[in-house]
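Engineer: First to last, the protein sequences are chains L and C. Per the numbering used here, residue 1 is the first one in the first sequence, and the count goes up by one each step. Per the numbering used here, residue 1001 is the first one in the second sequence, and the count goes up by one each step.
Please note that the accuracy of each hint is not assured.
Partial list, computed: chain L residues near chain C (C-beta under 8 Å) [as the list claims (entries may be wrong)]:
hint	residue
1	THR56
2	ALA62
3	GLY65
4	PRO89
5	GLN93
6	ARG100
7	ILE101
8	ARG102
9	TYR103
10	ARG104
Everything labelled a hint here was simulated from the structure, so no lab data went into it. Note that the coordinates shown come from a computational prediction; the quantities given were computed from them, not determined experimentally. Where a beta carbon is used, it is the ideal one built from N, C-alpha and C, also for glycine.
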Amino acid sequence: MAILTYIQAVKQALKEEMEQNEKVFVLGEDVGKKGGVFLATEGLYDQFGEERVIDTPLAESAIAGVGIGAAMYGMRPVAEMQFADFIMPAVNQIISEAARIRYRSNNDWHCPITIRAPYGAGVHGGLYHSQSIEAIFANQPGLKIVMPSNPYDVKGLLKAAIRDDDPVLFLEHKRAYRLLKEEVPETDYTLPIGKADVKREGEDVTVITYGLCVHFAKQAAEKLELEGISTEILDLRTVYPLDQQAIIEAASKTGKVLLVTEDNKEGSIIGEVSAIISENCLFDLDAPVKRLAGPDVPATSFAAPLEKEFLVSAEKIEQAIRELAEF
Amino acid sequence: MVNQTYALETDKETLLAMYREMLLARRIDERMWLLNRSGSIPFVVSCQGQEALQIAASFALNKERDYVLPYYRDLGVVIHFGMTTREIFLQAYAKGEDPNSGGRQMPSHFGQKKNRIVTGSSPVTTQVPHAAGIALAAKMEKNPAVSFVTMGEGSSNQGDFHEGLNFAGVHKLPVIFMVENNKYAISVPLNKQVACENISDRAIGYGMKGIKVDGNEAIEVYEAVKEAHERALNGEGPTLIETVSYRLTPHSSDDDDSTYRTKDEVASEKSKDGIERFKQFLIDKGYLTDSFNEELETTIKQEINDATEYAENAPFADVSTLSNHVYGQKEDH
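Let the hints inform the model, and build the full structure from the sequences given.
Structural biologist: Given below as C-alpha cells:
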C-alpha cells in the first residue's frame, strides 16, 4: 500500500473515477495544463485531454452553473473552486439551483455535481485564503457537505461524492494537503456519505469534530492518554446533513462532550451538533457541552502570531479535554 | 438584420400550426387571468405580447433533440416542446399531477425532462450558465443537440448572463441565447436598464454573432433562430438573438402597471401584436380563412375548458409527500 498525502488522495480519486466513467470530467480555473494551484489535478490534463480537464474563464458562477447544466444532462462534473473563499459568486448557483433541482422538479431532474474547494487556515492565507465556509451552506436541504479529515477518507469520500446522485460540496483542508500522509489502498473503495466515523474509542470525554481538527484532536488524545484520560473522537465526515445517530451515541457514551471547529463559533456546524445533543442526551450528560472554535472575527490574519491566536490547535484541544475530564 | 438566404422553409400546414400554437398560448394566458381575478388560482405571470416570437423560435429548433431552458414568460416555448394544455393548467392550480414540480413551484417555473424542458427557478438568469453546460455535455457526448435559452432583457444585466455567454463563446458551444426584450423589467424601462443601444451589441464582447429582430415579426424570428441553429450544429458556436416586442400585461397578477406606464403606450404597442400580424400574413397568403379561424378558436376554447375543469378537480399532492425528493434514492435512477 502506498503512502499518500491528503492531496495525492484527491488526485488518485479523480483519476480513478475518470478512468472508470467517461462521464466524469473536471472544470475550474488552472486545473488543466497547470494541474491546479495546489496540483490536485496534476497529470489529468495529459491523461484525459483538454475536453475532460477544462480550464475555465475566471468566473465562479459559470464554473458551478456550467457544471450544473452538464450534470442535469447526465454528466458527472467535478467543479473546482480555487479557494473556498472565492465560492461566493457561485452561491446562487449552488443554493438556488443545485440544492433545489431535484426537489423543485419533484424528482424529474437531478444534479449529480461535485464541487471541490480548499478551505481552512494555517498557511498564511490572510482573510481571503483561509476561511471555513461550510456554515453558509449547512442549512440547504438538497445539498451534502463532506469534509474529510485524512487521506484514506479523502479517497473514499471523494469517489462516493462523484458517484452520488445529488450535489456534494467537498471541502478539503488546504493545510492538510501536504501535512497529512498515510497508507491509502490502491483499490477501488468508497466511504458512505452521511455517516460519521469513530476515529478513536475512549471512555472519559467525547470530542466531536471534522476536517483538520480531527488530526489535532488525535494528537491531544494521545498525550492525554499518558495522564490517564481516555478520549473518544467522532469525525463527522459529512457536516450536512449530520449523522444524528452517531452524534447521540458518541455523546451518550462518555457524558462529557467537547465540540471543535476551526470556523467562527457563533452559527457554526458545532452549534447544530450541540442542539442535537441537548434534544436527545440530557440525562446522559455529566457536564455542560463545551465548544472550542475560532473567535467571532471575520477570518484569520496574515500575520503569524494573529493567525496562531485565531486557530484551534492540539494544545487548545488538550486543555479543553482536560477541563472537561476534571469537571 | 437577418440573412435573407435563410428563407422560411415552411409550408401552409406548418404556418397554420405555428398560428394555432400562438393562439393557444394567448388563450391559455387569458384564461389564467380570468381564473386569477375570480379567485381560483393565486398567481399568473404572462406571455402576452411574446407568443409569436416564442412559437416562431421554437419551430426553428429540433423538437426531438434540442434542450430548451425557458424563462417564466415562455409559455409558447413549452407548448411547442410538448407540454399539454392540461399540464399547463395543472401547474397553474398547483396540483399534484403537475409535471413541472407537482405543485411545489409557482406557476410558469417550467420543467419537463421527457421533453427536454430544463427545470428553472425564480432568481433570473441562473439558466444561462446551465444552457452552456448542457451544450458542453452534448458536445462532449457528440450529440448533435442545441441548447436554447431565453431570458428577458433585464436578465442581460446579471452576472450569470456575462459568465454564461463568455463561457459558451470561449468553448464555441452550440447554444442559442435569445433575449426577449419586452421593454420593461417589472417597472423599470429599457433606458434605465442598459446604456447600450441594442442588447444584441453585447455579443461582440463574447466573440459571437449578435442579431436583433422585430419580435412581432414571426418570420424574422424564425429565420434568425434557424440560422443560429445551423451555426450551432456546424460547430460555429453560440449566437445572441434579441427579439423586440412588448409586455402587454402587467408584470404579474400582483403588479399594477398603471403606476409606471400609460394606457396609450400599451394600446399603441398592442396594435403591433405579433399574433395579429402573423394572422394577417396568413390571410394575405390565402392560408387562413374566417371559418377556419373560428373553428380553431372553438377547438382551443374546448381544450382549455377541459383542461381547466380537469385541473380544478385534480387533487393536490398529499401533505405526506412534503419531504419527498430532497435527496435521491437508489431506486430513483
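Engineer: Against each hint, give a clear statement of whether it holds in the structure.
Structural biologist: Hints, verified against the model:
no.: 1; hint: THR56; verdict: 7 Å, holds
no.: 2; hint: ALA62; verdict: 4 Å, holds
no.: 3; hint: GLY65; verdict: 3 Å, holds
no.: 4; hint: PRO89; verdict: 7 Å, holds
no.: 5; hint: GLN93; verdict: 6 Å, holds
no.: 6; hint: ARG100; verdict: 7 Å, holds
no.: 7; hint: ILE101; verdict: 6 Å, holds
no.: 8; hint: ARG102; verdict: 5 Å, holds
no.: 9; hint: TYR103; verdict: 6 Å, holds
no.: 10; hint: ARG104; verdict: 5 Å, holds
In summary, the structure agrees with every hint in the numbered list given earlier.
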